[in-house]
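Protein chains: 2
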Amino acid sequence: MKKGVLLVISGPSGAGKGTICKALLKKRNDLHISVSATTRSPRAGEIDGVNYHFLTKETFEEKIKNNEFLEYAEVYGNYYGTPKTDVQKLLNNGKNVILEIDIQGALKVKENCEDGIFIFILPPSMEELKQRIINRGSETPESLMTRFKSAYKEINYISKYNYAVVNDEVDLAVEKIEAIITTEKCRVDRIKDKILDSKEGFIHEQLYD
Amino acid sequence: MKKGVLLVISGPSGAGKGTICKALLKKRNDLHISVSATTRSPRAGEIDGVNYHFLTKETFEEKIKNNEFLEYAEVYGNYYGTPKTDVQKLLNNGKNVILEIDIQGALKVKENCEDGIFIFILPPSMEELKQRIINRGSETPESLMTRFKSAYKEINYISKYNYAVVNDEVDLAVEKIEAIITTEKCRVDRIKDKILDSKEGFIHEQLYD
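So the sequence lines, in the order shown, correspond to chains A and B.
Here the first sequence stands for residues 1 to 209, numbered as in UniProt numbering.
Here the second sequence stands for residues 1 to 209, numbered as in UniProt numbering.
Keep in mind the hints are simulated off the structure, nothing from the lab.
Do not rely on the hints blindly, as some may be mistaken.
Note: identical chains are not told apart, hence a pair may lie in one copy or across any two.
[Claimed, not checked] Computed list of lysine to aspartate or glutamate pairs in EDC-like fashion (alpha-carbon distance at most 20 Å, straight line): (1) Lys-194 x Glu-128; (2) Lys-22 x Asp-171; (3) Lys-63 x Glu-111; (4) Lys-27 x Glu-175; (5) Lys-185 x Glu-175; (6) Lys-160 x Asp-189; (7) Lys-22 x Glu-58; (8) Lys-185 x Glu-169; (9) Lys-153 x Asp-189; (10) Lys-194 x Asp-168; (11) Lys-57 x Glu-111; (12) Lys-84 x Glu-114; (13) Lys-160 x Asp-115; (14) Lys-192 x Asp-168; (15) Lys-153 x Asp-197; (16) Lys-110 x Asp-189; (17) Lys-2 x Asp-197; (18) Lys-192 x Glu-154; (19) Lys-185 x Glu-128; (20) Lys-57 x Glu-74; (21) Lys-194 x Glu-154.
All values derive from a computational prediction rather than experimental measurement.
Here chain A stands alone, though its shape is the one from the complex (with noise of 0.2 Å):
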């Protein structure tokens, strides 16, 4: 069974990875996203297993403990993980998974999964990045500021990553992402072992036979 591979979508926030995840999951059916873990209450309408697995805290820091996340974080007192099984799970069946990311948890993530692919997606510019902050409507004069610093920094992260997609245009990221992808399964690196073995079988088969 050929193994999948692990797409790391990765990037500051306010460079679209989110955007580009959505429209790659929609116009692929060989991608797959898997299911965080969080410690935080279900939403109305969320269900356990789909939008999240929903844990105890105990649970949660149980499960880092016997290092079973590929990456987890906490946000505002709750947990937040990428549940190592369920990706090795996916990947094993031959199905290709997506990550989206920030900067830290893809880190944390490249740590264990050294095969994976790691893209960086990055805004147009920077003066483009701020109006995307600045047009979520949410943030303050400080915050923004602060969020568009801590981006400004998170780009040095980009030398840690495979690839980097300017988001210009979602269409376009989203052909680049594809292209990659395409690109990844031919690379020599994870399928000559494969190609060898193959030749072997043809060598007997039809060389000598």
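Assemble chain B onto chain A, guided by the hints.
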């Protein structure tokens, strides 16, 4: 000026690299081939500087001595080679350059061009490769077996390449190579400096002004 990428399309004879390169050049006008040099005589209709740079043996050997070829080989008493300056001029002008080349040649190019993209064209199967060599019709049974065994051995060199593309259908193989070009232009290794430089521009213009 953005530098072009060097695309080395290679593989055993019968894999179909020639057909793929022709289709690529026809489809995309951002791709260019560099004109090879040779010491063989021009055939009817061949134009110096277009089909080949036609050189005397003395000139060619002088250029070998001066390390002016990315790679060269002697075939049936004639030299064939890829002039370094031609390729570099195209790349520096932002053109993407294709080299269609056998495996020995590709390995030599790799010594000179670390950041080239090395693509190995594979036949769908060794059986299909044999059929293609047979269908050329120009082979005696002995030379057929020699060519086939040599193709079989050459596949081991795949580990020196970046990508493997199976040529089952030319259109699909061409699409994969196009995806590789798109992807390589997103590779952080290639564009990191440019991104971090332009970010530096942004911080002065937009954040602190």
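Alpha-carbon proximity between Lys-57 and Glu-111, which holds within one copy, between copies, both or neither at 20 Å: neither (24 Å within a copy, 56 Å between copies)
When no copy is specified for Lys-185 and Glu-128, does a C-alpha distance of 20 Å or less occur within a copy, between copies, both, or neither? neither (33 Å within a copy, 22 Å between copies)
At most 20 Å between CA atoms: does that hold for Lys-110 and Asp-189 within a copy, between copies, both, or neither? both (18 Å within a copy, 17 Å between copies)
Under a CA distance limit of 20 Å, which applies to Lys-2 and Asp-197: within one copy, between copies, both, or neither? within (14 Å within a copy, 40 Å between copies)
Alpha-carbon proximity context of Lys-22 and Glu-58, limit 20 Å: Answer is neither; intra-copy 32 Å and inter-copy 63 Å both fail.
What label fits Lys-22 with Asp-171 when the C-alpha limit is 20 Å: within, between, both, or neither? within (11 Å within a copy, 29 Å between copies)
Alpha-carbon proximity between Lys-192 and Glu-154, which holds within one copy, between copies, both or neither at 20 Å: Answer is between: at 14 Å across copies they meet the 20 Å cutoff, but 35 Å inside does not.
Could you figure out if Lys-160 and Asp-115 sit no more than 20 Å apart (CA to CA) within one copy, between two copies, both or neither? both (13 Å within a copy, 19 Å between copies)
Same-copy or cross-copy closeness of Lys-160 to Asp-189 [CA-CA at most 20 Å]: both (19 Å within a copy, 10 Å between copies)
When Cα atoms must be at most 20 Å apart, do Lys-153 and Asp-189 count as within-copy, between-copy, both, or neither? between (32 Å within a copy, 19 Å between copies)
Given identical chains, is Lys-194 near Asp-168, meaning Cα to Cα at most 20 Å, within a copy, between copies, both, or neither? Cα proximity of Lys-194 and Asp-168: across copies only (17 Å, versus 38 Å in one copy).
My question is about Lys-153 and Asp-197: at a cut-off of 20 Å on alpha-carbon distance, are they close within one copy, between copies, both, or neither? Intra 46 Å, inter 13 Å, cutoff 20 Å: inter-copy only.
Violation of the numbered hints given earlier is confined to hints 7, 11 and 19; the remaining hints are satisfied by the structure.
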